[in-house]
Amino acid sequence: MTAILRTAWLVARKDLMVEARSRELAYTTLFFAMACLLVFAFGFVRGDGRAPDDAAAGILWVTVVFSGTLALGRAFERERSGETLRALLLAPVERAAIYLGKLLALIVLIVGVEVIIVPVVGLLFSAPVGRAPWMLLGLLASGTIGFAAVGTLFAAMLVRAQSRDVLLPIVLYPIVVPMVIGGVRGTVAIFAAEPNLALAEAWLGILVFFDAVFLTLALWTFAPVMSE
Amino acid sequence: MRMTDRLVPVLIAIALVMFVRAPFLLATAPYEASMGVVSKIFYFHVPAAMTMFVTAFVCGIASVVYVIRRSRLADHVAVAAAELAVLFGLIVLVTGPLWARKAWGVWWQWDARLTMTLVMWMVFVAYLLLRRFGGPGSEMLAAVVSVFGMALVPFVYWSVNLWRTMHPTTNVLPSLPGSMLRPFLWCLTAFLCFYAALLLTRVRLEASRAALDDAFAAREE
Chain A
848 MTAILRTAWL
858 VARKDLMVEA
868 RSRELAYTTL
878 FFAMACLLVF
888 AFGFVRGDGR
898 APDDAAAGIL
908 WVTVVFSGTL
918 ALGRAFERER
928 SGETLRALLL
938 APVERAAIYL
948 GKLLALIVLI
958 VGVEVIIVPV
968 VGLLFSAPVG
978 RAPWMLLGLL
988 ASGTIGFAAV
998 GTLFAAMLVR
1008 AQSRDVLLPI
1018 VLYPIVVPMV
1028 IGGVRGTVAI
1038 FAAEPNLALA
1048 EAWLGILVFF
1058 DAVFLTLALW
1068 TFAPVMSE
Chain B
2 MRMTDRLVPV
12 LIAIALVMFV
22 RAPFLLATAP
32 YEASMGVVSK
42 IFYFHVPAAM
52 TMFVTAFVCG
62 IASVVYVIRR
72 SRLADHVAVA
82 AAELAVLFGL
92 IVLVTGPLWA
102 RKAWGVWWQW
112 DARLTMTLVM
122 WMVFVAYLLL
132 RRFGGPGSEM
142 LAAVVSVFGM
152 ALVPFVYWSV
162 NLWRTMHPTT
172 NVLPSLPGSM
182 LRPFLWCLTA
192 FLCFYAALLL
202 TRVRLEASRA
212 ALDDAFAARE
222 E
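So the protein sequences, as listed, match chains A and B.
For the first sequence, the tail end lands on 1075 under my numbering, and the numbers increase by one without skipping.
For the second sequence, the tail end lands on 222 under my numbering, and the numbers increase by one without skipping.
It should be emphasised that the hints constitute simulated quantities derived from the structure, not laboratory data.
C-beta atoms are modelled at their ideal positions from N, C-alpha and C, and glycine is treated no differently.
Any given hint could be a false lead.
Derived Cβ-Cβ restraints for the label pairs, each shown as a range [claimed, not checked]:
(1) L74(B) to Q1009(A): 53 to 61 Å
(2) A1039(A) to R133(B): 58 to 66 Å
(3) A1040(A) to L74(B): 45 to 53 Å
(4) V154(B) to G1052(A): 14 to 22 Å
(5) T190(B) to E1048(A): 27 to 35 Å
(6) T1063(A) to P10(B): 40 to 48 Å
(7) A1039(A) to L206(B): 33 to 41 Å
(8) R893(A) to L74(B): 52 to 60 Å
(9) A1070(A) to W108(B): 39 to 47 Å
(10) A218(B) to V892(A): 28 to 36 Å
(11) P966(A) to P137(B): 24 to 32 Å
(12) A216(B) to P1071(A): 37 to 45 Å
(13) W981(A) to R70(B): 41 to 49 Å
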């Protein structure tokens, strides 16, 4: 078990080091997230210059999902163009460790983007992001883990498929719907004029449950899918 | 394969007779008090929805078998079941709004049951798109999508209790009077027979297509 975790850490560190040197994903994903926020501002903000009360939570989560999809696609495009994914899979280590390593690096990246866009959403759409910071952090973290768990698996298996750029969101979004519903509902409960933390906690429980389901299924299917 | 081939015409004949008889049964069934004639959509909507759940499970289980054993028969069953899930899902999603317009005053409501049915339907559409446009080797990828899709099904039931819902819940069925339950079970049987016939035929077609592909590939070499 520790061997798997150590290998996973090595894979994640490799990905993060590549990313730290090029900063391609961080810059493009972050700017894409900002562009999303701008589009949402035009979509939701009313004549008095404010967005509807519930909109901030939805805007935050949809931005996370959209920019996360971009990061997933690019992370594996890099492996594909360098033919390095095959080398990685040839390494005499557990497949699960490779999956966990890629997943860890993507979670770090997406969380890094969230750390910046959450205050920006708070600023631009006057959302009370500081009201229950730990609960919001828990919702974002568990939502991101579930989203990235499915996304990493799908992006990895689509690497060799045709029209993968289009197919990734098509297969990913219907499956991660519980994460989006749970995340948005939980965040709305925090941001509401009368916050309901018990409700947010119930949704957090569902998110953690789906994290466990999705991670188990992804670890189980990664090896057979990548052995083709 | 022989026996299932003989079974298909029998199933189709049963389904045909039952479907022809169904409108007469529905005409004599009592009206639901508040909804009037629109409530009779129920006799087609609910059996179609149940068939959709059945075929979703068939596809999911066949996909699990395919991931573990790489059995080609399981893959044929999975693709046949996925296509039928899209078909029966379409029936559910067309008949549902027709009833909702009358009952709720809107065509669509973002309620838990409706949302999750739509999501499940989209999972199977995604499954078919992946197989169609994913190129070689996409059978395995599609099987994984279907396994994840099946994991969502319990959420569909769960969400109804947890989230706001306007949709009649699952306990409507046991409370039906016999005069309404009988035509309902009649329609359900007709739908399931029709489904079984379609599934067997589609599995056979898929097996023939795969055999033809193999023969072509062997000739190329």
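Hints, verified against the model:
no., hint, verdict
1, L74(B) to Q1009(A): 53 to 61 Å, "violated (26 Å)"
2, A1039(A) to R133(B): 58 to 66 Å, "violated (43 Å)"
3, A1040(A) to L74(B): 45 to 53 Å, "violated (57 Å)"
4, V154(B) to G1052(A): 14 to 22 Å, "holds (19 Å)"
5, T190(B) to E1048(A): 27 to 35 Å, "violated (45 Å)"
6, T1063(A) to P10(B): 40 to 48 Å, "holds (43 Å)"
7, A1039(A) to L206(B): 33 to 41 Å, "violated (53 Å)"
8, R893(A) to L74(B): 52 to 60 Å, "holds (57 Å)"
9, A1070(A) to W108(B): 39 to 47 Å, "holds (45 Å)"
10, A218(B) to V892(A): 28 to 36 Å, "violated (58 Å)"
11, P966(A) to P137(B): 24 to 32 Å, "violated (46 Å)"
12, A216(B) to P1071(A): 37 to 45 Å, "violated (27 Å)"
13, W981(A) to R70(B): 41 to 49 Å, "holds (45 Å)"
Going through the hint list in order, the structure does not satisfy hints 1, 2, 3, 5, 7, 10, 11 and 12.
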